[in-house]
Amino acid sequence: MNLGGGKHDSPEALEQAVPGAYPDAEWIDIPPYQSISQAVHARRAEYTRPKTVRIKVGTWNVAAANGTENDLGDWFVHSHGGQECPKRPPPAALGSAEGGGKEASTPLDGGAEIDIYAIGLQEIIDVASTSEALRPFTDPAPANRFKNGMEQALPKGYKLVAEQQLMGLLLLVYTSPSICADLKSADSTSVGTGFMGYMGNKGAVATRLVLNEATRLVFINSHLAAGNDKAAIERRNWDVSQVISRVKFAPVEDVLGSSSGSPEGIGAEDVAFWFGDLNYRLEGMPGDDVRRLLMLHTNRLDKESSVNDTSECLSLDSEGRHGADSMCYDPEMSNGSAEIGADRQLATGEQMREEEDPGSLLTTINCLLPHDELRRQQREGKALQDGWKEGDINFLPTYKYDFGKVGVFDSSEKKRCPSWCDRILYRSWRQRIAYESNIKTEEAARRRDEEMRFQGLDDEVEDEQILFDYNPDTDGDEYNLEDDSENAAANDYPPAVETTASGLDDDIVLERYTSHQGVVSSDHKPLTSIFKLNYEAVVPELKARVYNEVARALDRAENENRPSITMIIDRQNSTGRGSVTEPVHNLANQDEGEEWNSESDPQTLDFGNATYSQPQTRTITIANTGRVSANVGFVDRPAGERQDPGPSPKWLQIHFDKLDEDHASVGMHSIDPGDTCSVIITLFIDDLDILRELNEGVMTLSDVLVLRVQNGRDHFLPVHGAWMPSSFGESIDDLIRIPEGGIRKFRYQCPKFPTPGAEHEVKWSAPRELFKLSEAVEDLVERVLAEWGMTHSKVATPPWEVNASWPFSSESWTSTDEARAELFAPVHEALACDTPLDHCFSSPSEPPSLLRLEVFSSALILFLRNLRDGVIPTKLWETLEESIRSRERGKKLAPDEEKIAILEVLATEPSHSVSFILVTSMLTRTITEICAFAKQKSGAVAQPDRNPDNQTTKSTVTAPDRSRIEEEFARVFTRILVRLPTNAKEKSTKASEARAFRVTRLFIGDEPAGA
88 MNLGGGKHDS
98 PEALEQAVPG
108 AYPDAEWIDI
118 PPYQSISQAV
128 HARRAEYTRP
138 KTVRIKVGTW
148 NVAAANGTEN
158 DLGDWFVHSH
168 GGQECPKRPP
178 PAALGSAEGG
188 GKEASTPLDG
198 GAEIDIYAIG
208 LQEIIDVAST
218 SEALRPFTDP
228 APANRFKNGM
238 EQALPKGYKL
248 VAEQQLMGLL
258 LLVYTSPSIC
268 ADLKSADSTS
278 VGTGFMGYMG
288 NKGAVATRLV
298 LNEATRLVFI
308 NSHLAAGNDK
318 AAIERRNWDV
328 SQVISRVKFA
338 PVEDVLGSSS
348 GSPEGIGAED
358 VAFWFGDLNY
368 RLEGMPGDDV
378 RRLLMLHTNR
388 LDKESSVNDT
398 SECLSLDSEG
408 RHGADSMCYD
418 PEMSNGSAEI
428 GADRQLATGE
438 QMREEEDPGS
448 LLTTINCLLP
458 HDELRRQQRE
468 GKALQDGWKE
478 GDINFLPTYK
488 YDFGKVGVFD
498 SSEKKRCPSW
508 CDRILYRSWR
518 QRIAYESNIK
528 TEEAARRRDE
538 EMRFQGLDDE
548 VEDEQILFDY
558 NPDTDGDEYN
568 LEDDSENAAA
578 NDYPPAVETT
588 ASGLDDDIVL
598 ERYTSHQGVV
608 SSDHKPLTSI
618 FKLNYEAVVP
628 ELKARVYNEV
638 ARALDRAENE
648 NRPSITMIID
658 RQNSTGRGSV
668 TEPVHNLANQ
678 DEGEEWNSES
688 DPQTLDFGNA
698 TYSQPQTRTI
708 TIANTGRVSA
718 NVGFVDRPAG
728 ERQDPGPSPK
738 WLQIHFDKLD
748 EDHASVGMHS
758 IDPGDTCSVI
768 ITLFIDDLDI
778 LRELNEGVMT
788 LSDVLVLRVQ
798 NGRDHFLPVH
808 GAWMPSSFGE
818 SIDDLIRIPE
828 GGIRKFRYQC
838 PKFPTPGAEH
848 EVKWSAPREL
858 FKLSEAVEDL
868 VERVLAEWGM
878 THSKVATPPW
888 EVNASWPFSS
898 ESWTSTDEAR
908 AELFAPVHEA
918 LACDTPLDHC
928 FSSPSEPPSL
938 LRLEVFSSAL
948 ILFLRNLRDG
958 VIPTKLWETL
968 EESIRSRERG
978 KKLAPDEEKI
988 AILEVLATEP
998 SHSVSFILVT
1008 SMLTRTITEI
1018 CAFAKQKSGA
1028 VAQPDRNPDN
1038 QTTKSTVTAP
1048 DRSRIEEEFA
1058 RVFTRILVRL
1068 PTNAKEKSTK
1078 ASEARAFRVT
1088 RLFIGDEPAG
1098 A
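Heads up: the sequence shown begins at 88 in this note's numbering, then just goes up one per residue.
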């Protein structure tokens, strides 16, 4: 259950987020770790377990052809391999290409499933079209077609986690249900390198996935510049450099919980996959000769495919395993002759190896690959040289073919030379580090050689070697070709000892790399690769246990030299004072039916049931149990959503005792060893915005305070209060829909509806709270007036004669604020629970009538002022004011006629009209009662003067001026009843206030205003 409104609602979360939980001191030596995170990270082997995920990467230039989305399932999802295979596998290896169904995961050999599908498409639209290039927005229709094709082919449960489009480039990444829980974040971006270096007809789209805590996977789908001249090669290299420098991802936290705050580029990942139409060609090769040479194989395959008449074809991946596709051939006919194929054996009787057969497809491919531009640029260090690897190419070139034909290379006028334009490369953190290490080693060796040449030492060394080290008899005896090959391979990528960017030992293995020659809907052939990624996955339960052990160990190491305190929480009755109903469920961030139980967490400061304008106080005792003085104080805590910044939220006040009043709630406070200090924490809700958010259920009374001990560890104090819904702060339209039992019962019975809406039936013509308060005020006015005449002397001055706004003005009240606040709580509870107001004062001695009247009057004023919409809302007042202005320009109406005109406008909002009449009628009757009492008292007290010479009589008390009382009442209630526009000019506001005053005065007086 989430008790707070933000993301830092538990001590464990705050212990990660708040710096200084164990602040470092120079005089404390705790090698070799400086924080809990570092100590936990050092024991990562205890809470990590090996985990394997399989990733399938595919790329295809669809050439803006229609219907290519229908082929995705056949070659990318359901198929394992592609083109013709040099050798027929044994019967056990003849797997069906339809092995993956919609109900099950797509299996690999051995029943394993693909965890991540990443497909990169190029030219999903015509990038050469001017209309597409100048389109000011990205048309989602082409991308939606391919997404639909993927989703129809994928097994159920796979989820699209990343999507990025740049004109004709589209990158889609799907994850299986088993890996979705480990996916921490996904971020995508794009880089255009086309026309003027920024247009999207060429460039790349990239996505970064963060698995588990910090394992980063980057997928880059690129379409580089076309052309087969030297300038085109340089432009492709430039495109690659632009993609590397301009791709930026949002920063993520590492395993130590820190973030650089700056965007991450390519190179910060653990494993990266770069694929797409890279457009690198065969350099310096005659296209006709290459096409004729390869056609010897494709023609034979086509012929043998028709002879075999089968729907499956076998292929070899980078490790020699077989796959399937839409065409196959007989390997015994691979040289064009069954006889030659049957007799192709060595003199020893052994089968000839494929790479040794001069007429095999594999030999042909190996002869062409040295002319591949991409590999040459990598060797020369001009592009994709820093650790990028590619699987063995055992398949035909992927470009360029005739549409709709199998194995037919470009037969157009251009007759382009077949090339491996479409590629899939990959790189791990280890490979990049190994490459950088080699570069540093070579650079260091080059500098040493230059220094030796500068000093002339290299010539002396060569002379010594020639004179003393050379032996012509043994020259060449120790040379071994196999050792040289092994050393060369080792120098390419020596084993790296560094860990990955995530701090874990990741390992990437290529399981399959092949093309799909049976797909004829484009002039490019699609490519797929299957990778197995092994990484150390964090087990949250084990990490939590290690974290607790490390924290306790550091505590024990630091306690003797650092201040130590014990915090004792006052365990008072959590039901709260003045509670008249059962606890109500917290509706925000809480499952239905779940209820807070303070007994489950004794370290929580539980305030119990919290009500509006009623303070709840708890006490915390802080004891210094250490050997040195402790400086303690509450510090700013990380504020989440809907949380106030600072040491505490607005609804909490913190006060340290035994301190000066001016310094009781700020700064650090010193506690001597063995001494104690009490902290008084008060929960008090009087802010209208907080009241409304609590009523709506979007905010809860839950937070975590941070008590900092200087040079010690922080203490986290969760605070909680169960909010009791209040009828204060609601709108009239909501209150008239609350049934009998009040808002408390409604919220308890309907937890899904914090406030009634239009779907609830109207129950009352006006809020019941308004009826009750108005009636109570009227009754108490009569009682106070009657009791005053019986209990006070005839010469005592009543409060209504001292202040004409009595009993609705705070200046006229005779009681203290503390007395009224104490009696306001039961009144508020009675209104919220819909119980009679005359039963809310259950104390043995009932409060005086005058005090109760002032309490009810203040409650009425507070209720009206806190209404969300007001008795006369702003829009209704604007309509009413417009009608008043129109009448001001005409003949002046009589008071009764003016009332009728006003009521006609108010009648458009019946509930507000009834509420207005209810309040003004109550005020009218109150004025009448006061004036009647004063008049009666004035007549009764009149006595003859004992001076015989004076024949007139005098009254000791004069009756109050009714007009003055009406004016004071109107002054008090105008701003309360009428919600004037807040954005009007000062002159317009003063005119509106004058009109509102006249309306209020008109309805509370028996005679015309100003008479």
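Some clues are possibly wrong.
[What the hints assert, rightly or not] The calculated label-pair distances, taken between Cβ atoms and stated as ranges, are:
1) Glu443 to Asn525: 29 to 35 angstroms
2) Ala1019 to Thr706: 29 to 35 angstroms
3) Asn718 to Asn635: 34 to 40 angstroms
4) Asp731 to Gly828: 48 to 54 angstroms
5) Thr769 to Gly828: 17 to 23 angstroms
6) Lys271 to Asp594: 19 to 25 angstroms
7) Asn231 to Leu380: 37 to 43 angstroms
Everything labelled a hint here was simulated from the structure, so no lab data went into it.
Computed from a prediction, not measured in an experiment: that's the story for all the values here.
Where is the CB? At the ideal position from N, CA and C, for every residue including glycine.
*What are the numbers of the hints the structure violates, in ascending order?*
Hints 2, 3, 4 and 5 contradicted; others consistent.
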